[in-house]
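Asks: Chain by chain, the residues run as shown.
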Amino acid sequence: MGRMTTQENNDDRIALLQGTLDLLILKTLVLGPCHGQGVARLIQRQSEEVFFVDHGSLYLALQRLEDKNWIRAKWGVSENNRKARFYSLTPKGREQLVEKTGEWRRLTRAMDLILESSKGPQGEEA
Amino acid sequence: MVWRKRSTQDFAEEIKAHLELEADDLKQEGLSEDEARWQARRAFGNVRAAQERFYLKNRWAWWDKLLRDLRYGLRSMCQSPGFTVAAILTLALGVGANTAVFSVMNAVLLRSLPIANPQQVVYLHTSNAPRGTGTIDDKETLSYPVYDALRRQPDVLSDVIAIAGLSTDKVNVRIGAQPETAEGDMVSGNFFSALGVELARGRGFTSQEETDHALTTVISYSYWTRRFSRDPNVLGNTLYVKGVPFTVVGVTAEGFEGTEAGQSMDFWIPLQNRVEFNVLGNPPEKGELYQQDPTWWCLRLMGRLAPGVSREQAILRLQKVFQTAAYVGLGSPMAGEKPPVLSFADAKNFPGYDGMYGKPLRMLMAMVVLVLLIALTNVVMLLMARNAARQREFSLRLALGARRGELLRQLLTESLLLVVAAGALAWGFAQLATRMLGRWALIESSLAPDKTVLLFTLAVLAFAAVLFGLAPFRVAIAGGAELALKTSAATSSADAGKTRTGKTIVALQMALCLVLLVGGALLLRTLRNLENIPLGMQTDGLVVFGLNPQGLHPEAKLVSFYQEVQRRLRVLPGVESVTVMQARLGSWWSNNNNVMVDGKDPDAGKGKPTLVRSNDIGPDFFHTLGVPVVLGREFTDADNASSPYVAIVNELFAQRFLPNQNPLGHQVNGLVIVGVVKNHKYRSMDEEPIPMAWWDYAQAPEEGQMHVEMRVRGDAMAILPEVRKVVAQMDPDLPLIQPMLQRKQFERTISQQLMFARLGEFFGLLAVVLVATGLYGTLAYRVNMRTAEIGVRMAVGARRGQVVWMILKDSLMLTAIGVVIGVPLAMLVGHVLTSSLYGVTPWDAVSYLLAMAGVALVALAASAIPASRAANVDPLKALRSE
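In order, the protein sequence lines correspond to chains F and S.
For what it's worth, our numbering labels the leading residue of the first sequence as -1, then goes sequentially.
For what it's worth, our numbering labels the leading residue of the second sequence as 76, then goes sequentially.
Hints are not guaranteed to be accurate.
[To be verified] Calculated cross-link-like contacts (lysine-lysine; reagent style DSS-like; alpha-carbon spacing at most 25 Å): (1) F:K81 x S:K102; (2) F:K98 x F:K66; (3) F:K25 x F:K72; (4) S:K214 x S:K102; (5) S:K819 x S:K753; (6) S:K423 x S:K526; (7) F:K81 x S:K91; (8) S:K245 x S:K317; (9) F:K72 x S:K91.
For the record, the hints were derived by calculation from the structure and aren't laboratory data.
Excised from the complex, chain S in its bound form (with noise of 0.2 Å):
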């Protein structure tokens, strides 16, 4: 249709000409002027209705009813803002945390990284490192030997790329005066082109770039916009890394973080061959770097497969040059080895997070779900409810000669205007709450809604809307034209087909507040059980930081620094002990070594070699700690270089490799064992006990990162102004890293499960309030709707307390069957909850009970309100009422 070119008043002028030239022509036909014109209007017809249906003609009458709707919709909106309060946050609860969590399983799970064609770029996992290798992860990083082999078969793998941290952590940047931290990786130098990545600004890498480690770097869109304010001009700056000049030759575009899991990159360099740029900073081993060194296993790959090869071929062809290229300069492997295997894993955006926040993620998505179905039945009872309650304005409508269709469009606008509030209220609440999430789980990378969100929480909304309308649809119609007639409203609403439907809907909410109180039980155990896991020493009053000197060779003067920093902390009022470390405990961090026990491999044989985890500590390491030395002695300032060099294992090693012995005085890897400790956490809080030997820093010290760890009487965090002092007396350069409590440190490891169990609670609590709501509504109007039977049964006799009693039958009945249906749910909920519990199995009977306490309890709540009101009913003011 087109655009009405006509207006209505023109319409009328012609009406109007009409009627004279009729009038005109009556009166030449011989009748009085007040005859022509009364005759001419009444040949005419209605000039209204004729009018009218002009305008309706016009294209813009849809619009106008609209409009008119969205204002009827509006206003009696606004006359129950109770209920509109109620059924947009609710359906704004339900849809925020659905997105939410989508938006992070999407982040997480299912979005590619920002390259060209991901599905044919891998990343390269070997099954294992070979004997007498480090590594940085033991399937994810491989040696520049294997690199330089694999970039040879470009039939196979087109392009082969590498990345290598720089630091455990942030490396020490400047760009003008002011030194800073920044993340950053060193990488081959087809990394941009291979991967496919594209650049807002200049240009990426060159393979010359990586065999001439040229001093370049190109830096990510959101280190350019938070570093640089978007300048035009960046190209060319100079950023200094580690003190070294690299200049800035491109940027990247927006949405490339880099191919590290959960972390923002900030800048990229080639891949160098100087002393500061070996691999996590570590020093080069027997002077060798890591292009040098087959030992150090310290590379990540990732692959573009040739066009036509598939992944099974390309791993086939692979796999003889990969094993071969694993031993280069290792010897060849012992009798019985397993050789190390290649395998390839997807480029997603974050590679590995599957493993480790598949399950709890897919839970809790799982659990949202639940969260929103319940949302959207309590909604749709609301509606229900509140349309009941309208249905005589209904029926007044359709006596008034509304049509069914226009009934369903008020009803529709209405819904629409719940969800567009809801929706927009929702997307707020997601925006928050990813954020937090992100923060919780310790991701730095970008977990923002995107496009895949947007859809999917639209197409939810658009469901609902639907649905709201539709629901009370059946309702608004059932009364019929007649019921403006009836006059009571009890005969109007004692519809048995629809009670049934509103307790299957209460019973079904019952069950399914159930399995999340279960489940959200369940989890609550698990919370208690991870928080007071023992982790084998006294972690009151023990706060840590790490030290990070500067050119303090030879390494003598790295051990005196740090005998001097231990002084003269020990001095300090409130210090109990002080003592050093190199791997920070609880920081997942940790030396993995192969041992020999007197000399030989206690595991020979066995076709893995024996691997032990290991740190090099300080004296009085285990008084700090509180750690009960059980055999020996723990380390003092006399072990130094000149004394014999001596270990101490924690008692699985003395059990699994000397047992029925006494280890003292037994060798590992040539020390001494002159200690005994009692088994204790290292890595991480869940983590199983595990074989560990300690060996003294002042008789191998290897690097200058330690940490620091401090027994302190009362506020262990007060003392950190005075040691900072302590510290800046000796090097004023000198930051303290990452203070913080020990246990919060512990913490952190265990900061997925906590965030899970903490969040799997918050939803069951926000699922038994959404019920509690819905249920109270519902009620309480089933109750109104019985005003006038409950003022009969009081006017002929019933006591206050069978009223009671019997709306209270009602609702524990619904309670019962919800419960009969809950259980199974629930077991079958527990069974997937499984992996994510800690210390507490799925059949675990006291959640279940408290779980059916729960239920009993909202459903108790939601009805002895209204069966108190029902049961104050004044019988006459009820009677009266009809």
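In isolation and in its complexed conformation, chain F is listed as follows (with noise of 0.2 Å):
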């Protein structure tokens, strides 16, 4: 019974993180063709530690974005001799980059003007 639970929250808390995800998977890939650990790494370092990307959700991102063909990949070597599949953005990813760009800026406006709003609901109904 508990894992069952488990389960369906699990499945909740991808589907929130789902469109921010993949909009910081397109952003790091701006910077050039890179593996999916290294996205991990970077996304990690670049938000200063907060964002915990779960890796295997990472990698099923990376899968349906290039199902989406925004990002494609490749197999190739890293810059430590390993082998690795690295991603890289097609031209629709850069579009799609600059849309989600804008969308998330809307997004946080609206968020900040209501959370630094002085006024109370009481005032609004009177």
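Taking the hints as your guide, dock the two standalone chains into a single complex.
Replies: Written out as structure tokens, the structure reads:
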């Protein structure tokens, strides 16, 4: 029984993170081709360790973006001579990055407006 | 979605690479080798879960799930083979019966002729033929002058098509050297073009070919297949019809079998004007063929409505033309005579069959739908019972994390397996049944299921599949995951609501069973009555066959031929008497004549001319049949062309036209009545008595074909080889036409009623078997569920009898409820059946009592075994099993 609940919660969290994770991946890849582990490290580092990326979800997200043809992948060799799958942005991915970034900006602005507003709900009703 | 380009191995490799890279990084950050590896793995989380999710994203996952469900379904079906076989057979029988009957109904009642725009095409019928005419069918055949007049009205009917039979049966044809028989029609030149019949090869006829009476022929697709093995070079071959060579110019497209109801035509020729091609092969009257003879109403006519003309308008504009043409060459109508009225009928595949087969077929359809309902509820009950037994399995699966959707999918897959297996079986069963139905109904044309029927069957099956998936789903999830933790079968299944549903279904099935049993009993009694209809003659030992000698002219030669046949047959050992007749008894055929009694029309002034049925017969006729001669004598060898012309009438004739006087010595059509015989059957078994007159064939020989009737001691059919020898001595090329027992010949006239009654009985019985198995399954299951309860009861002192009674009481209550619901329903059904019954009322008490007894018997039989099994439960064992 307990397990069933956990599973469902897991699904919820992925759904919540999905859009954000996609955007972060696209943003990371703007700097140039990179393998999955590199993407994870970069996100973690650049967010000053606030985001901890679930690696399993990351690879599924990469796969999803690849399916949507926003990024493409190729096996190559890493700087320390290990085999790795390198991802890079497609033109379609670049467009999406611009669009998603705009969306995110609007969202955060709206969130800020609400969170920083000084008016209480009673005031509006009156 | 697109096909996944990436394999799971590739994904796994990427993860492996990730772990190595991460470990490298961690090592650089100062961790030990092992520590780094462990950290990398920990940071990644569940590798297997990621791989599984990657795998599930794969679009093949659903297929994989389906395969898994199918395998699981098959396994669980194999685990309970009894259930599987019962469910599949029940469903196959139910669906198969429906498909078969629907297929026949579709072919006979619904399907149109396979022609272009059939809704514009009509059959031309008349209310009656004018006096002084001869017809093939008094409503459906018209005269040549009528055809000629109507086709001159192209703004009403753009085309009028004439169809004339070459023979009452098959005609003699020849392709190579060997003579054979085939079915053919003589048709107007516009037959194929106006109807819009498609041709597989060659061409149809032209109007010029009708005018020229061209010696060309179009053959049907099935004849082409059967006789020419679809030879692509068939065009140009010669088909000899009655010895006349016709050139094959076309082959019709598959599916077109002509315009004669229930018959499958082999070939068509343009209208001819030779003596041997007079309609039905009749000798020309006063030297006139059908084209010149206005009294021979022998053509079937069809018309195609001109564009923009409705049927009503067409009738209105043609009526006058028709009534004028009807009297061409007949003189003006007598005062008070009702003129014939033209009407239209749909261009159905089986014109006119609606009247004869419509009601029985619809009844049959209703019956098989009931059977299907019973079959469906049966399988649902079986499924619910089985899945209730599987409730723990479902609960366990729920507890292990299966979702409801997955359970539903599993159940739907299992139901699909059942339905597909049953559907395949049902289709095969229906093909077989359709063929049998066709044979019993004496229908030659194809009744095979078509696309409409397939759709119908698929719809029924789809409905069944969803029903079978959904119904047990409720039961399956009712237990919930908690049930897996419970241990007692008794506590888990004693759900009051569920048993109530089960009881309702059982009671309803009882009611349906009663309805079908009443219907079956009524039909059974009808069958008995039909079989015991008094024919007014002794049919035991009567055998009949036809002879059709060719080229015996003048008529005197024909008479002496038949006299010689009779003389030679009479001396065969075992033969009691021999006679001849022109129309075969019990073959629907009859001569219908207007009669004058003592020079007057006895019914004059009553509007309609007096019709009397008559037959030309030989000497010793009534003695041979065993029909008593009430007054006077029958014909003897002494009556011949040179002696005074004589007639015999039946009692009804005498009562109707010569009441209260001695009929002997009076005249019918100028012939002296010398005898009166008892009423007996002539055309068919279920006819009402009709006024009849008999003429001596020796005094009025008409055509070559006669039928010989023989009374034989012992096995009547066993005489036939001897008869063949005798006939061959006289004419080596002369076959015996349709030799059979006279009794069988008569039974053919009620074959439709017999078939319906037999089928009704069959489906009644099928329903009873289905209900019995269903009840048995349900009751046995319910008793099974109560094993623990029974054990407890017996442990605390209940006696065997008490336990048995407890179980029986249950099903007897249900029977009683079923009977209460069923009786009014059955009365309704009986009322609808009225027209199909013979000699029994729809409220026949015996039938109802029989049906009730039947239902009670089924209930008792189905409960007795589970009840006695319940009573044999060892209380200790029952309790221990908990």
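Asks: Are the Cα positions of K98 of chain F and K66 of chain F separated by 25 Å at most?
Replies: holds, 15 Å
Asks: Decide if the proposed pair is consistent with the structure: K819 of chain S and K753 of chain S, CA atoms, cutoff 25 Å inclusive.
Replies: Holds, at roughly 22 Å.
Asks: Given the hint that K423 of chain S pairs with K526 of chain S, test it: the Cα-Cα distance must not exceed 25 Å.
Replies: holds, 17 Å
Asks: Sort out whether K91 of chain S lies within 25 Å of K81 of chain F, counting only the CA atoms.
Replies: Holds, at roughly 10 Å.
Asks: Hey, K72 of chain F versus K91 of chain S, does the alpha-carbon distance stay inside 25 Å?
Replies: Holds, at about 16 Å.
Asks: Hinted pair, alpha-carbon criterion (25 Å max): K81 of chain F, K102 of chain S. Please report holds or violated.
Replies: holds, 18 Å
Asks: With a cut-off of 25 Å on the C-alpha distance, tell me whether K214 of chain S and K102 of chain S pass.
Replies: Since the Cα atoms of K214 of chain S and K102 of chain S sit roughly 106 Å apart, the hinted pair is violated (cutoff 25 Å).
Asks: Would the hint linking K25 of chain F and K72 of chain F be met if the CA-CA limit is 25 Å?
Replies: holds, 19 Å
Asks: For a C-alpha distance cap of 25 Å, please report whether K245 of chain S and K317 of chain S respect it.
Replies: The given pair, whose Cα atoms are some 11 Å apart, holds under the 25 Å limit.
Of the hints listed earlier, the one the structure fails to meet is number 4.
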